[in-house]
Amino acid sequence: SAVISQKPSRDICQRGTSLTIQCQVDSQVTMMFWYRQQPGQSLTLIATANQGSEATYESGFVIDKFPISRPNLTFSTLTVSNMSPEDSSIYLCSVEDRKRGLQETQYFGPGTRLLVL
Amino acid sequence: QKEVEQDPGPLSVPEGAIVSLNCTYSNSAFQYFMWYRQYSRKGPELLMYTYSSGNKEDGRFTAQVDKSSKYISLFIRDSQPSDSATYLCAMSGGSGTYKYIFGTGTRLKVLA
Chain X
1 SAVISQKPSR DICQRGTSLT IQCQVDSQVT MMFWYRQQPG QSLTLIATAN QGSEATYESG
61 FVIDKFPISR PNLTFSTLTV SNMSPEDSSI YLCSVEDRKR GLQETQYFGP GTRLLVL
Chain H
1 QKEVEQDPGP LSVPEGAIVS LNCTYSNSAF QYFMWYRQYS RKGPELLMYT YSSGNKEDGR
61 FTAQVDKSSK YISLFIRDSQ PSDSATYLCA MSGGSGTYKY IFGTGTRLKV LA
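Protein chains in written order, with our numbering: chain X, 1 to 117; chain H, 1 to 112.
Think of the hints as simulated: they come from the structure by calculation, not from any bench. Positions of the beta carbon are idealized from the N, C-alpha and C atoms, including for glycine. Just so you know, not all the hints are guaranteed correct.
Stated by the list, open to error - Residues from chain H shown here face chain X by an in silico Cβ test under 10 Å; the list is partial:
1. Y36
2. G43
3. Y49
4. L88
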């Protein structure tokens, strides 16, 4: 399965600023996903990023707040813009990959822990 | 009603116990069922993957899907302290329907 890394692993930011999170995969993948994981809540899909097309955002998430880039098949970024304390969360990147002949399924990066003061 | 319901725990068991983790769901279109394990301060790790109804076994782990009851389970035999983690169920509608719906996760602690 794909090996996924994220940068930064954690950050503390001031409200009103922006943070860009990077996701790097060690193999080419078509679909990459960005999730948010808040304490006591399930993973929530923010958007799907396919290379060469605009990201598709889920209900409740907008491009102005969470702009996404997908310049190639191994890399994506998520920016959390104009941050407020409510944006404090873990942000996870995942990719769709095939493992040992199984149906494609999703594999996750280690996450970025964001605290907004 | 949430699409996927999962008891958040925490669940504490002695080492060697059999652990049963469960999720219920409401969407009959779900065809693929996954269990992820998430250690503290780590990303979710795919543990088990099942298509449609039935059982699947992998070492000490067994995943069961009962589509008629909209109920899935993960059993851990001979539980170890290293199994202490949060277990997340996830499900999707299948090929071409990539969106995963996750449960909130069950925190498991296996006591040595």
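Each hint tested on the structure:
1. A distance limit of 10 Å between C-beta atoms decides the matter here; for H/Y36 the minimum to chain X is near 8 Å, and the interface restraint holds.
2. Satisfaction of the interface hint for H/G43 is found here, the shortest Cβ-Cβ separation to chain X being roughly 4 Å, below the 10 Å cut-off.
3. The criterion of a C-beta within 10 Å of any C-beta in chain X is met by H/Y49, whose closest approach is roughly 6 Å, and the hint holds.
4. Taking 10 Å as the C-beta contact cut-off toward chain X, the hint placing H/L88 at the interface holds, the least distance being around 7 Å.
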